[in-house]
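**Q** Order-wise, the sequence lines are chains A and B. Counted from 1, the first sequence has number 284 at position 274 by my numbering; the numbering is strictly sequential. Counted from 1, the second sequence has number 68 at position 58 by my numbering; the numbering is strictly sequential.
Since the hints were made in silico from the structure, they are not lab data. Take the hints with a grain of salt, since some may be wrong.
With a cut-off of at most 20 Å between alpha-carbon atoms, the simulated SDA-like pairs for lysine to any residue come out as follows [claimed, not checked]: (1) A:Lys82 / A:Leu142; (2) B:Lys236 / A:Val184; (3) B:Lys236 / A:Ser176.
These are the residues of each chain, in order.
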Amino acid sequence: MKKLVGLRGDSRLLWTALALFVILFVDRLISPTFFDIRMVNDRLVGSLINILDNSAPYALLAIGMTLVIATKGIDLSVGAVMAICAAVAVVLIKNYEAGATEIYYQPGVVILITIAIGAICGLWNGILIAFLDLQPIIATLILMVAGRGVAQMITGGQSPTFTNESLAFVGRGVVGGVPFPIFIAIGVLIIAILVVRRTALGLLIESVGINDRASYYAGIQARAIKLFVYMVSGMCAAVAGMIVAGEVKSADPHTAGLFSGLDAILAVVIGGTALSGGRFNLVLSVMGVLIIQSLLAGLYVSTLHPTTNLVVKAVVVLAVLLLQSPEFRRFITQPFRRAA
Amino acid sequence: MLLLALCVPLVTAQGSGEGLTIGFSQIGSESAWRTAFTEAVKAEAEARGINLLFSDAQQSQENQIAAIRAWLAQGDVDAIVLAPVIESGWDDVLQEAADSGVPVIIVDRNVDSDPSLFVTRVSSDFVHEGRLAAVWLAQATSGNCNIVELYGTVGSAAAEDRHTGFMQVIDLFANMNIIHSETGNFVRTEGKAVMESILSSEDPANICAVFAHNDDMAIGAIEAIKEAGLVPAQDILIVSVDAIPDIFDSLDAGETNATVELSPFMGGPAFDAVVAHLAGEELPKWIPVGGGLYTSRAAYDADHQ
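Pulled out of the complex, with its shape left as it was, chain B reads as follows (with noise of 0.2 Å):
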């Protein structure tokens, strides 16, 4: 009887995870596209019929180890998602889960605990989304451009890798080239002030292509492209990764010419992982998760229905 009673919000569970209760502890609401993870992960339980606590732990550490201990300690969770602050010090609060019975997932950043402690992380691949951009790249100039980089802030996980992947294909190339790289810090102004500081030095007609480590800065650039009197898109090319809904209005005006989506939806694999967890699957390590190319937002919408 008891076994039953067990067996059947798992049975139910299956594809879904109707039913189920899921702890989710976010960062915080530091930037657009956070905030549109956030919603899109409340918009997938909802969905699914999954009662999802949802935690802000408004960028600290402490805040969302607190709350996972809230969560083990009640004893009403079935899961945790975790979207860790920092990679480091979650052992203890892992462990602490692993011997609750109550398995972790991790989304978007890394943690450097022993993979034993968490499921699995589902998270974007930066390095695939650098090369997607180089390959657009190499496709629409037939492997001949000048680029000017326009770097995110040094040292996140988000730029460095972005940048290694952009280069593992450029380099395929003799004639595809990075003459400019620049740090814009993921800023939009920043990454104007930085475009025209080059468009002042450079002859424009030298350079090819931008390559922004995010919509942003390319919207930035966009702007100083055009009171330099040149035409966006034309006369220098331009492609961006994170596919946030301001850069599709530059796409529809015909201003940018391809974005590399940076997925929020991360809701759907975390969930799917855990369902497939508990009807006791082996999952991989890692799951990364979208991220097209997108030329137009027809396309977009088309895969995003």
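In isolation and in its complexed conformation, chain A is listed as follows (with noise of 0.2 Å):
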């Protein structure tokens, strides 16, 4: 299991691991009933399990973001993808609610054709990135930007709202008691997992991300990496929009995923990898995710006014943080240990 995930006996995991049960104990600590779940309606509900069920659009993004960031990539765009996205998935399947035959219009083709779209956004970083050489910030800054316009002008600015029960399964489905977008994100993580831990492609990207020139005189496709982790990043960001969109059974083209990378990003880094490229794990960015949404969880049910949510976020991610450098923590027991 270990060697599975990517640790060989890397810290990292107990640290933030115990960084995700500390949060867990003070939210426990503002709201007796935290830990509580009960059945309601064969769905089963309580904290712990919302704070699954937020986590999984963005732990998908964290996926992608995981293994653009090995590349020394990082992605912007998420956010403005999910948004087309869901605007894509939304407007189509309005067609087949008005009757509309055609196989592109069908729930199962529509929800393929979406990840197709996101596919397409990330294969357009892609090859802005691998092929032009714009710096990786930059290249999807200009797909950050320009996507949610793309995404207004699907919608013609509105919000368009749908009933149809197949696509809103992906966002608000429940299986077994359990929402659907957990075993999403879990299956997608698995599946990640085995990919780049039981290929050599976890390898690749990784001497990608610590040296593209390198690399690609070691023969490896250093351009056909990046290709292919950009589109991953955009399928995720899709299925993310999908998700967000079913949730609410709508497509905000303006909100949908906004500041979604951002927090992705934090995830990522929450979970140690390096921004630098090189060394990445997954179990650990969506650890990274389940943090932040267990201090949201703990801030919705606290008392606290909303104006101290942001700084509050800010404190604890800077904890978490420290927690896990080993210089930090060789710091502050410096003093102990002289003593002893």
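Relying on the hints, combine the two individually framed chains into one complex.
**A** Put into structure tokens, the structure is as follows:
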């Protein structure tokens, strides 16, 4: 197991898990019913379920983002891609609801088309970065800015709503009492781990991140690897967009996925993946997402004024990052060691 | 003769503004409400026979200033209607308009310039919207209610003022209290996430009502309430602000109780102000627009024929 998630004796899992448990414990202090889970209308209800459910779209973004960052890249456009894909899915499904029978309006096909649109967005980023040598932060900034405009054009500036249960199931379906987005996130995580750790792909991604030119001379298709990771990121954003749209049965091109990309980057960083490329860990990135969402869940039920939210979030994230830093731990334990 | 020629357009303009050319600088199209606002102004101008020059600033003050300067330079506008992106930095361009003798009407958001530089401001009264919501809730619960407040974006005038107005009223009732106040940033999914969390931590029997700073967050909260196995609008009362089309679907379905209108119909009062100003009338510096509270689609439709 330890080998599979790529830790090999790394203490990061321990410290990150500890941070998560501390935050959950504080949540429990704030709200005595925080760990309660009950069954309502065949659906599990409770704060812990909410955290997992709300984490699902961010976990998908974080998985894609981890691979991108591992190649020394960054993808600022995922929030905009979420908005584009949510808009595409909802506009297509509205045709189906209006009685259109063409194959590309069928719910299952709509989902596939939406994922393909996400892949195309990722391909666009990848081409700019891998073939035109644009800085990733600039290349994806272009789509981040333009994407929301594209989404607004697709919906005509409106926030269309839909009623189709098949598309809504992506975001609000329930299987065995558990919200469906949780299964999507876990499924994608398992597939991603198997692909990067059971094949050479993970190694290739790391090597491109550490030195893409050296990798190229060593015979690694660095450009193909980069195209691949940005496409994965785009596809993950597409599914995240459908989850968010399905949750409330509408696509809002103005706010869907707004700032989600930054939260995903934050989660990846909390998970210890280096922004300088190379080392990455998917499980820890997803734990980073859980940390952020557990923190938010606590803030939601606390009676703190909403103005304090962002500051509390920043302080906790800083604390988690310091806790993970061996240098910092050594620094604060030094006086005690000397005394001993 | 010249005097007569000058008088003619003014005389025909009385009441409707027919034949006037008015420049309208809009912020952008960032929300469905903003789009509705733009459409309402265009429709009003067409109905009155006003030649409307429309400029979409795409959230940029530079674009707005450039558009206004272009209109002034061409000398072809009788008045300018400005929905400013931000409050500050308007002194120079408003002074240029005043020097050119072109009256400026501010709509929606405010400017911090000297009031003598513009004719009047036509806008919603956010504080009043908060008061209306609270008054309805006080009446519906006889002044006994534990309230969850879904706050808008912290720091935005709409959120802060709606909160202020709401508190002004519920402070009058000893048994009306806000037990949770949390921001959902005016967004549907965040409204849902916040409500889910609160329902998980708080005994739902202890929650009497939700006051959402906009309809989108209310719609999110409705989903969370349904998922928690409760009946929205019955087990938990819901009142929100905006009166967007979707909230009327919820009212039809009996899943929410009331919405306060954030009127997008600011074109009419703005054009009236232009006409009155050109006719030499003295106008107040603020003209608040509409915003009734509606508990059914029929009542709203009856008011907006």
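**Q** Run every hint past the structure and note whether it holds.
**A** Going through the hints against the structure:
Proximity of lysine 82 (chain A) to leucine 142 (chain A) is assessed by CA-CA distance (about 16 Å); at most 20 Å being required, the pair is judged to hold. With a C-alpha separation of about 14 Å, the suggested pairing of lysine 236 (chain B) with valine 184 (chain A) holds against the 20 Å cut-off. Only pairs whose Cα atoms come within 20 Å are accepted, and lysine 236 (chain B) paired with serine 176 (chain A) is accepted, the gap being roughly 19 Å.
Hint compliance for this structure: no hint is broken.
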